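Using the sequences and the hints given, assemble the complete structure.
Chains as they are written, first to last, in this note's numbering: chain A, 6 to 293; chain B, 13 to 264; chain C, 51 to 367.
Careful, some of the hints might be misleading.
Which bits of chain C does chain B cover? Going by a derived footprint, with three or more residues having C-beta under 8 Å, they are [stated by the list, open to error]:
id: 1; region: 230 to 238
id: 2; region: 243 to 254
Just a sample of chain B residues kept apart from chain C, beta carbon distances all over 12 Å, derived [as the list claims (entries may be wrong)]:
id: 3; residue: Gly78
id: 4; residue: Glu111
id: 5; residue: His163
id: 6; residue: Gly210
id: 7; residue: Glu211
id: 8; residue: Met221
Hint data in this document are derived by calculation from the structure and do not stem from the laboratory. Remember, it's a predicted structure, so these values are computed and weren't measured experimentally. Even glycine gets a Cβ: it sits at the ideal position worked out from N, Cα and C.
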Amino acid sequence: MLQSLVHVCLAGISAGMFIWLVASGLTLVFGVLRVLNFAHGSFYMLGAYLCFAVLKAMGGNFWLGLLLGPLIVSVVGYVMERYLLRLVYHLELPYQLLLTFAMVLIFDDLVKMIWGAGSIGSPAVPGLSGSVSIAGREFPVYNLFIIAVGPLVALGLYGLLEKTWWGRIVRASASDREMALSIGVNVPLLYSGVFMFGAWLSAVGGALAVPYVGLLTTGMGEAIIISAFIVVVIGGLGSLKGAFLGSLIVGLLSSFGTRFMPMLDMFLTFGLMAAVLLWRPQGFFAEG
Amino acid sequence: MGESLLDVRMLNKAFGTVVTAKDLNFSLYRGVITSIIGPNGAGKSTLINVLTGLLAADSGEIWFQGREVTNEPIHRRVKQGLGRSFQVVNVFGNLTLFENLAIPVLALKGRSKDMIKSIARLKEVGEHVEMVLTQVGLLDKAYMVARSLSHGDLRLLEVAIALAAKPRLLFLDEPTAGMNPVERSRILETIRQLSQTGEVTFVIVEHDMDIVFSLSDRVIALHKGKIIGDGSPEQIKMNPQVREVYLGEEVA
Amino acid sequence: MNQYWKYFLMLGCLGALVGIGFVSGPFVLYLATRIMILSIFALGYNLLLGRTGLLSFGHAAFFATGAYGLAITSIHISAHPLLGILIGVAAAALLSLCIGFFCVRHTEIYFAMLTLAFGMMVFALIWNLRSITGGDDGLYGISRTAISLGIVKIPIRNDYQFYFFVLFFFMVSVFLINRIYSSPFGLVLAGIRENHIRAEFSGLSVKAYRLGVFTVSGAFAGLAGSLSALLESNVAPFSAHWTHSAEPVLVSLIGGLQTFSGPVVGSVIFVALREVLQRFTYNWMLWFGVLLLAIIIGFRGGVVGSISEAFRRYSRP
Numbered sequence: 006m007l008q009s010l011v012h013v014c015l016a017g018i019s020a021g022m023f024i025w026l027v028a029s030g031l032t033l034v035f036g037v038l039r040v041l042n043f044a045h046g047s048f049y050m051l052g053a054y055l056c057f058a059v060l061k062a063m064g065g066n067f068w069l070g071l072l073l074g075p076l077i078v079s080v081v082g083y084v085m086e087r088y089l090l091r092l093v094y095h096l097e098l099p100y101q102l103l104l105t106f107a108m109v110l111i112f113d114d115l116v117k118m119i120w121g122a123g124s125i126g127s128p129a130v131p132g133l134s135g136s137v138s139i140a141g142r143e144f145p146v147y148n149l150f151i152i153a154v155g156p157l158v159a160l161g162l163y164g165l166l167e168k169t170w171w172g173r174i175v176r177a178s179a180s181d182r183e184m185a186l187s188i189g190v191n192v193p194l195l196y197s198g199v200f201m202f203g204a205w206l207s208a209v210g211g212a213l214a215v216p217y218v219g220l221l222t223t224g225m226g227e228a229i230i231i232s233a234f235i236v237v238v239i240g241g242l243g244s245l246k247g248a249f250l251g252s253l254i255v256g257l258l259s260s261f262g263t264r265f266m267p268m269l270d271m272f273l274t275f276g277l278m279a280a281v282l283l284w285r286p287q288g289f290f291a292e293g
Numbered sequence: 013m014g015e016s017l018l019d020v021r022m023l024n025k026a027f028g029t030v031v032t033a034k035d036l037n038f039s040l041y042r043g044v045i046t047s048i049i050g051p052n053g054a055g056k057s058t059l060i061n062v063l064t065g066l067l068a069a070d071s072g073e074i075w076f077q078g079r080e081v082t083n084e085p086i087h088r089r090v091k092q093g094l095g096r097s098f099q100v101v102n103v104f105g106n107l108t109l110f111e112n113l114a115i116p117v118l119a120l121k122g123r124s125k126d127m128i129k130s131i132a133r134l135k136e137v138g139e140h141v142e143m144v145l146t147q148v149g150l151l152d153k154a155y156m157v158a159r160s161l162s163h164g165d166l167r168l169l170e171v172a173i174a175l176a177a178k179p180r181l182l183f184l185d186e187p188t189a190g191m192n193p194v195e196r197s198r199i200l201e202t203i204r205q206l207s208q209t210g211e212v213t214f215v216i217v218e219h220d221m222d223i224v225f226s227l228s229d230r231v232i233a234l235h236k237g238k239i240i241g242d243g244s245p246e247q248i249k250m251n252p253q254v255r256e257v258y259l260g261e262e263v264a
Numbered sequence: 051m052n053q054y055w056k057y058f059l060m061l062g063c064l065g066a067l068v069g070i071g072f073v074s075g076p077f078v079l080y081l082a083t084r085i086m087i088l089s090i091f092a093l094g095y096n097l098l099l100g101r102t103g104l105l106s107f108g109h110a111a112f113f114a115t116g117a118y119g120l121a122i123t124s125i126h127i128s129a130h131p132l133l134g135i136l137i138g139v140a141a142a143a144l145l146s147l148c149i150g151f152f153c154v155r156h157t158e159i160y161f162a163m164l165t166l167a168f169g170m171m172v173f174a175l176i177w178n179l180r181s182i183t184g185g186d187d188g189l190y191g192i193s194r195t196a197i198s199l200g201i202v203k204i205p206i207r208n209d210y211q212f213y214f215f216v217l218f219f220f221m222v223s224v225f226l227i228n229r230i231y232s233s234p235f236g237l238v239l240a241g242i243r244e245n246h247i248r249a250e251f252s253g254l255s256v257k258a259y260r261l262g263v264f265t266v267s268g269a270f271a272g273l274a275g276s277l278s279a280l281l282e283s284n285v286a287p288f289s290a291h292w293t294h295s296a297e298p299v300l301v302s303l304i305g306g307l308q309t310f311s312g313p314v315v316g317s318v319i320f321v322a323l324r325e326v327l328q329r330f331t332y333n334w335m336l337w338f339g340v341l342l343l344a345i346i347i348g349f350r351g352g353v354v355g356s357i358s359e360a361f362r363r364y365s366r367p
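As structure tokens, this is what we get:
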């Protein structure tokens with residue numbers, strides 16, 4: 006019993022870390038640009054496909070794919086922000102949301118056109134293959150690696166936002182846009198930068214998922230964006246700390262749910278999301 | 013001073029350390045045009061927001077026509093006759109002037125829940141709307157879209173929407189800001205007329221001291237959330253404390 | 051466009067719809083039936099989105115409630131189509147009343163997220179309650195038995211008969227929703243969209259009206275759902291999924307959010323274009339995405355809004 010509990014926990018945490026990589030960018034972009042981006046899940050999917058494409062083209066080196074794939078995605082993100090999103094900042098919410106939704110349709114079909122609709126198998130990672138014994142059962146090394154990556158990214162984001170000049174600008178504009186304008190922040194540049202960075206984070210998540218999920222589908226973007234929505238809602242829209250804890254909760258909830266009450270798993274997760282929205286719309290972990 | 017319409021008891025409101033209402037006690041009386049004055053940040057707009065329900069009071073009681081309304085939602089206060097206009101133009105931008113006024117009139121006549129009948133068939137609503145449009149002199153623009161009005165006309169519409177709900181007590185937040193002299197005299201004339209018939213009691217927040225002193229029967233001066241002067245325009249002009257914190261700046 | 055033109059146009063459309071029912075082949079008939087069902091869904095939905103300014107991602111749940119309501123009634127209680135539709139619509143209205151009660155506390159992004167969450171809770175229930183809903187298989191074998199009204203029996207089994215059955219509900223929906231648009235309630239909704247604070251200060255309980263329109267649109271979604279269950283003779287759980295909620299949004303946007311007939315025109319374009327695109331390419335979503343982008347960026351009035359704007363400019367001397 007105990008060993009299965011440990012393993013369910015570990016599986017939940019590693020699932021949560023993928024959601025975290027998507028949710029962190031999503032909430033960062035929402036905090037600064039005030040746009041909830043449906044296509045953020047598509048960046049995750051694009052990250053996975055591009056990582057895989059690079060990996061195949063460059064003779065199977067996963068690490069090169071992890072490096073190059075997300076970089077290409079952040080360029081895609083730049084194009085989307087600069088030439089599409091920028092045109093709708095002044096419009097009402099439905100138009101903004103639907104523009105990002107249109108991008109989901111476009112990205113999905115583009116990926117299908119380029120790589121085909123079927124699923125692509127995925128490779129083992131040099132250096133991180135195999136498994137170790139934890140609590141008497143085998144656990145893949147790669148999953149442990151993912152569990153380590155999540156907090157590292159969180160720490161990196163913390164350092165970036167709290168300790169650097171750029172981070173201060175980002176935080177200032179997230180809390181007060183007028184003020185940021187008045188002290189002469191180059192807002193268009195800031196928006197592009199944050200959006201690219203968010204896209205990159207999400208794509209890193211996607212690239213890291215290549216060896217984890219075992220197969221790639223265009224549906225993976227939609228699946229994760231809904232989880233990420235739940236997470237940023239639970240954590241409070243715009244809060245990174247909340248998003249991190251929210252990712253852990255949703256990851257654990259789904260792994261425990263699948264293990265112990267598969268009937269109620271999805272219902273409970275969305276129920277939690279609704280409950281937080283109703284009774285604590287500022288998020289679960291917001292102070293005050 | 014006649015029958016009191018609104019009674020405020022020990023009202024408090026603060027935003028963090030900024031106190032905008034401190035133990036306020038006062039009453040507003042039927043038929044008495046009252047102006048609320050005070051320097052910027054004295055708490056005038058906040059007071060209106062609390063009295064009309066846009067903001068909740070921290071403590072204290074608000075009574076309107078003998079009923080406590082402290083925790084009543086905005087629309088219930090409006091139904092009882094507590095109305096307001098806004099400092100910044102706050103109209104239904106993409107609707108026609110007729111529709112702008114029809115919305116409060118429908119609420120007033122209790123017809124707003126009807127899903128089947130056409131508005132065009134509701135004669136009483138149409139007549140009331142046209143009456144208010146005539147009062148403010150916008151009848152000829154009834155089928156223009158609000159967004160396309162000039163600034164002065166928008167200000168008139170702003171007041172007209174508030175009037176259309178047939179309030180007993182109406183707070184006007186800087187009603188003449190940005191109006192040209194013609195529009196200004198029209199709105200002031202409307203206020204005087206409606207006030208004389210006793211239909212509507214006006215409470216006005218205004219910066220223009222000429223208007224304050226020529227229009228009002230009573231002036232309340234606020235400073236840092238407290239009443240520092242309350243009386244006839246003459247009494248306020250003479251009040252040393254008011255002169256010091258507010259008028260002084262202008263007189264000097 | 052003046053009143054007479056509008057009536058003329060409406061009569062023309064009605065004539066064309068009746069004509070399709072008599073002369074067209076089974077494929078066109080099937081498409082036209084689907085267009086009408088989608089129109090009912092979108093017309094009701096646009097009361098919420100275009101008229102009141104609320105974006106819901108949960109209306110697929112009400113569509114599915116109507117569909118499952120009819121299916122379950124038809125399988126377990128009585129195959130009378132009118133009873134099934136009645137129960138389907140009532141269940142959808144009741145559910146949207148309950149869900150709406152919570153959702154209307156918020157607006158904007160929070161409203162959209164709440165409707166998404168509640169809608170997906172309904173999806174999760176349908177997915178998991180296998181014994182009632184058939185789980186991921188859905189429910190099969192819904193028969194279109196004749197409508198017995200006392201001594202008269204109206205058959206709807208064949209596609210032509212069923213087409214006119216749907217046409218009847220389509221006309222009733224168009225009539226009702228058209229009335230709502232020109233009613234006091236409809237004006238209040240537009241007022242709430244334009245300025246909800248001012249609406250509140252006009253003496254209106256904004257939440258109550260939001261709940262009202264949420265329920266009305268939920269009921270029409272339920273009607274569309276139960277008709278589609280009869281058309282397809284089965285119901286599938288993914289009809290409750292949030293991606294299905296996006297359909298009336300797209301349709302209304304293509305046709306024109308601020309227009310009454312937008313959702314109908316949008317439905318025609320959506321269904322027809324999809325059929326055409328699927329002939330030539332597997333990637334019809336891509337083209338819809340591009341079409342959406344074009345509308346959001348360049349033609350926010352949608353097809354109807356843009357055409358009537360052009361018409362107005364042209365006719366102005």
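Hint by hint, here is what the structure shows:
1. 230 to 238: holds (count 8)
2. 243 to 254: That given contact holds, which follows from 10 residues of the region 243 to 254 of chain C lying within Cβ reach (below 8 Å) of chain B.
3. Gly78: Gly78 (chain B) clear of chain C: closest Cβ-Cβ about 20 Å, beyond 12 Å.
4. Glu111: For Glu111 (chain B), whose nearest Cβ neighbour in chain C is about 6 Å away, the distance does not exceed 12 Å, so it is violated.
5. His163: holds, 17 Å
6. Gly210: holds, 21 Å
7. Glu211: Fine: 17 Å to the nearest Cβ keeps Glu211 (chain B) off the interface.
8. Met221: holds, 28 Å
Violated hint for the displayed structure: number 4, the only one.
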